[in-house]
Amino acid sequence: MRDEGFREFVTSCAPALSRTAYLLTGDHHLAEDLLQSALANCHRHWRRIRHDNPAAYVRRAMHREHISWWRRRRPPERLLGVPDPDRAAPGDLAEQATLRLTMTGALAVLTPRQRAVVVLRFYDDLTEAETARVLGCTVGTVKRHGHDALARLRAHLPGAFAEHTEVPS
Amino acid sequence: MTEQLRRSLRETAEQAENYPVYERALRTSRRRGRTRAAVAVAGLAVLAVLLVTGVPGMVRVVSEPAAPRPGAPSLPDRLEVPPAFHTRLAGNPPGAASLIFGGPPFAFDPNRMINEEGDLAVVGAREDVTRVWSVPYEAGAGESVALSPDGTRLAVEGGIDRRRISLTVVDLVTGGTRALGDWGGPGPARAIAWSPDGRTLAVSAYHNLHDELGLVDVATDTYREIGALTPDSFPFAFNFAFAPDGQRFVYRADDQLIVVGPDLKEQSRFPIAADTFLAGRGAWLPDGSALLTQRRQPDGSWLLTGRDPATGAQVPGVRWTTGPGLSAARLLGWGPDGDPVLVAYVAEDGYEPNGRGAPGTYDAVRTVRVVALSSSGRTRTLLTAADGIETLDVSADVVAGGLVRPGDLPRFGVLSVVGAVLLAGVGALVILGFVRRRARRRALGDDASWLNSSE
Chain X
8 MRDEGFREFV TSCAPALSRT AYLLTGDHHL AEDLLQSALA NCHRHWRRIR HDNPAAYVRR
68 AMHREHISWW RRRRPPERLL GVPDPDRAAP GDLAEQATLR LTMTGALAVL TPRQRAVVVL
128 RFYDDLTEAE TARVLGCTVG TVKRHGHDAL ARLRAHLPGA FAEHTEVPS
Chain R
5 MTEQLRRSLR ETAEQAENYP VYERALRTSR RRGRTRAAVA VAGLAVLAVL LVTGVPGMVR
65 VVSEPAAPRP GAPSLPDRLE VPPAFHTRLA GNPPGAASLI FGGPPFAFDP NRMINEEGDL
125 AVVGAREDVT RVWSVPYEAG AGESVALSPD GTRLAVEGGI DRRRISLTVV DLVTGGTRAL
185 GDWGGPGPAR AIAWSPDGRT LAVSAYHNLH DELGLVDVAT DTYREIGALT PDSFPFAFNF
245 AFAPDGQRFV YRADDQLIVV GPDLKEQSRF PIAADTFLAG RGAWLPDGSA LLTQRRQPDG
305 SWLLTGRDPA TGAQVPGVRW TTGPGLSAAR LLGWGPDGDP VLVAYVAEDG YEPNGRGAPG
365 TYDAVRTVRV VALSSSGRTR TLLTAADGIE TLDVSADVVA GGLVRPGDLP RFGVLSVVGA
425 VLLAGVGALV ILGFVRRRAR RRALGDDASW LNSSE
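Chains X and R supply the protein sequences, listed in that same order.
Here the working numbering = 1-based position in the first sequence + 7.
Here the working numbering = 1-based position in the second sequence + 4.
If you are wondering where the hints come from, they were derived from the structure by calculation, not from laboratory data.
Check each hint, because a few of them may be wrong.
As the list claims (entries may be wrong) - In silico contact screen, one side only, chain X against chain R (beta carbon under 7 Å); selected entries:
| hint | residue |
| --- | --- |
| 1 | R26 |
| 2 | Y29 |
| 3 | A139 |
Yeah, the Cβ is synthetic: ideal placement off N, Cα and C, and Gly gets one too.
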């Protein structure tokens with residue numbers, strides 16, 4: 008019974024959870040491992056959380072697990088081929104492809120916590136207070152990590168952000 | 005900027021595949037469950053081992069011969085029941101002892117689940133070094149477990165293999181043990197008394213469906229049969245006594261007292277009333293001129309009277325009376341001033357002696373005392389013990405020396421405090437961690453509904 012309900016949950020939520028995992032890790036293999044680990048935790052507590060919000064549980068588990076991975080092991084330095092954003096012509100298909108590559112590279116230079124703040128704030132559209140609750144930190148910490156993350160992204164992708172900074176949100 | 009960032013993140017996220025992790029997640033969950041169970045079992049096992057051996061083991065010293073201490077042996081003036089985790093005798097020889105005492109279990113022992121007979125404690129001759137020993141039978145100090153005259157050895161009944169080993173002698177100085185019983189005949193034997201020179205043990209050996217009295221040369225492990233014991237010979241500790249010179253001894257059989265000489269030939273025998281018993285291992289006067297027998301009085305006191313060892317006739321003027329309320333009194337020996345020194349077994353409330361008025365020990369006893377009697381009827385209490393200490397034996401040297409020191413036996417020792425604090429600390433940390441974890445999960449669970457916004 009437990010496995011049946013869990014299977015339905017994974018089937019319905021796996022695509023969204025996979026996207027979050029990929030944003031957090033920037034690597035398909037790591038994203039898969041991260042999601043698998045978080046789902047294993049979810050399976051263990053399935054009876055308790057199945058009527059609550061299991062997707063939220065998995066997201067929170069992924070964020071925390073990813074930070075724990077980073078604390079436990081420093082991955083070897085990776086050489087990333089980052090395309091020059093100035094070479095992309097705005098508005099065409101090449102621009103979109105280049106943008107994805109550059110975003111992946113830019114996210115890679117963030118610390119796991121900075122990356123988590125960026126994903127929660129600008130992908131999951133959580134408020135600062137909600138982000139703080141997920142990460143188990145204060146709102147001030149979220150603000151600081153968010154500020155640092157944006158500064159790094161801006162430095163890493165000056166062209167792209169410079170162009171769009173003036174665009175009203 | 006943030007709008008562009010959001011759009012970029014969504015486009016980047018679209019690169020993610022739908023990772024097929026369901027089966028792997030299940031396997032991981034089950035593997036972690038097995039690991040957690042194994043760790044929990046291992047943790048409980050470690051905790052159990054720590055409880056059983058670790059706490060006392062942390063304070064266990066390396067087994068090595070106890071260093072001799074200066075000064076004359078003396079008697080502590082009080083005894084307390086040792087705390088549960090007190091230092092064990094095994095591996096921790098205390099050196100020469102002033103006394104041993106026993107009673108129902110007071111030590112923590114994992115074998116207690118199998119056998120609940122009793123515990124013995126050994127107290128040092130010159131200071132209150134106490135060691136505890138759990139034994140698989142009633143811990144009858146002075147009755148089935150005898151302390152040598154110099155306090156350096158214990159003779160205890162039985163052994164690992166009761167079919168072959170009849171007696172075990174424990175060296176309290178070196179910590180070594182020696183099995184006696186190579187004579188091969190009698191089965192389990194019970195130590196009754198040491199000879200004054202500490203070379204011979206009087207034993208009651210069960211052989212051919214009856215008890216017999218024998219003498220064992222401790223050095224050579226040779227056994228000499230003296231004669232059959234009869235039902236009235238029991239309790240043996242009140243029916244046998246070596247003479248002070250060690251050349252003669254007296255024992256009871258067939259309602260008679262039988263005096264045996266150095267060549268093991270009977271020197272005399274005379275009848276003794278069914279309600280009369282020898283006073284104990286010190287029943288001979290120091291000069292060997294009389295034997296003391298005892299009989300219970302209606303008020304629970306015991307009347308000790310002298311008898312001629314050749315004829316059994318009463319010896320005028322040799323007479324002492326203990327205080328009332330005793331289930332038994334056992335004469336240990338004679339103090340330096342010539343007063344008899346006894347173990348007084350204080351009876352349990354409501355104690356009723358058996359039909360023939362035999363001395364009642366162990367379950368009949370609330371506590372014990374060591375007292376010295378004077379001819380004037382005055383009783384001096386040399387030692388008092390806590391309730392639950394039901395048997396006691398004092399070395400002959402301590403009795404003869406007459407020295408008494410203030411007892412310093414902890415009621416609740418440092419070792420118990422350390423063990424209790426360790427266990428309480430571990431338990432508190434576990435409970436605190438569990439409570440905090442539950443609280444954190446509950447707090448997060450209450451406001452987690454907004455988290456699935458991007459599904």
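Hints that the structure is at odds with (numbers, increasing): Per hint list: single violation, 3.
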